[in-house]
Amino acid sequence: MMKIKVHSPFRFIPETGEAQDFEEGVHHVSEDVAKHWFVQAHAEIVGAAEESIPADYDAELTELRGSVSSLTQTLSERDKQITELNQQLKERDDHIADLLIQGDQSSGGKNGGNKK
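Going by UniProt numbering, the first residue of the sequence shown is number 1, and it counts up by one from there.
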């Protein structure tokens with residue numbers, strides 16, 4: 001027996017010729033009835049998603065969790081690298097600014113202290 005959840009009421013007449021009326025809700029039916037195209041147009045099999053779960057679900061889940069952990073660690077390392085590189089960039093910018101300030105003071109201005 002299988003469970004179906006009817007979303008649109010319908011009348012089903014199987015090959016045996018015995019009409020069955022289905023109202024909205026959950027019904028227990030044979031596998032043949034549940035998988036019939038007409039029934040599937042008006043209902044869905046309850047628990048169908050559970051049946052499609054692979055047998056090695058736990059192994060696959062463990063593998064995916066390992067991948068997520070590895071990628072999270074890589075991301076953390078990259079964030080640390082970015083922080084270090086940003087600090088180096090700031091230090092270089094500060095150094096360049098200091099050199100520019102020193103250069104302006106020692107040269108006496110744009111013309112290098114020479115009057116034209």
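It is worth saying that the hints were derived from the structure and are not from the lab.
Glycine residues also receive a C-beta, built at the ideal position from the N, C-alpha and C atoms.
The reader is advised that the hints may include incorrect statements.
Label-pair distances were calculated between CB atoms; the ranges are [stated by the list, open to error]:
no.	residue 1	residue 2	range
1	46	73	51 to 61 Å
2	95	74	41 to 51 Å
3	25	59	33 to 43 Å
4	65	88	47 to 57 Å
5	78	38	52 to 62 Å
6	75	11	35 to 45 Å
7	46	71	55 to 65 Å
8	74	97	33 to 43 Å
9	76	47	38 to 48 Å
10	32	58	44 to 54 Å
11	84	44	53 to 63 Å
12	25	78	33 to 43 Å
13	63	84	53 to 63 Å
14	25	77	47 to 57 Å
Straight-line distance between alpha carbons at most 20 Å, and here's what the computed PhoX-like set of lysine-lysine pairs gives [said to hold, decoys possible]:
no.	residue 1	residue 2
15	35	5
16	90	80
17	80	35
Exercise for the section: Kindly confirm whether 44 to 54 Å is satisfied by the beta carbon distance between residue 32 and residue 58. Expected result: About 32 Å separates the Cβ atoms of residue 32 and residue 58, which means 44 to 54 Å is violated.
Handout entry: residue 65 versus residue 88 beta-carbon gap, inside 47 to 57 Å or not
Key = 35 Å, violated
Handout entry: Outcome for the supplied range 53 to 63 Å, where the beta carbon pair is residue 63 and residue 84
Key = Between residue 63 and residue 84, where Cβ atoms are some 32 Å apart, the hint is violated.
Handout entry: Range hint 38 to 48 Å (beta carbons of residue 76 and residue 47) holds or violated
Key = With Cβ atoms ~40 Å apart, the hint holds.
Problem - Consistency of beta-carbon spacing, residue 77 to residue 25, with hint 47 to 57 Å - result: Roughly 54 Å apart at Cβ, these two residues keep to the hinted range, so it holds.
Handout entry: Given pair status - residue 5, residue 35, alpha carbons within 20 Å
Key = Cα-Cα ~12 Å, so holds.
Problem - C-beta pair residue 78, residue 38: status relative to the range 52 to 62 Å that was hinted - result: 55 Å, holds
Problem - Assessment of proposed distance window 53 to 63 Å (beta carbons of residue 84, residue 44) - result: 54 Å, holds
Practice task
Go ahead and decide if the range 51 to 61 Å is satisfied by the Cβ distance of residue 46 to residue 73.
Solution key: 41 Å, violated
Problem - Outcome of range test on Cβ distance (residue 25, residue 59; 33 to 43 Å) - result: 37 Å, holds
Handout entry: Whether the CB-CB distance between residue 46 and residue 71 falls inside 55 to 65 Å
Key = Check failed, 36 Å falls outside 55 to 65 Å.
Handout entry: Status of the given 35 to 45 Å range, CB of residue 11 versus CB of residue 75
Key = Violated, at about 57 Å.
Of the numbered hints listed earlier, those contradicted by the structure are 1, 2, 4, 6, 7, 10, 12, 13, 17.
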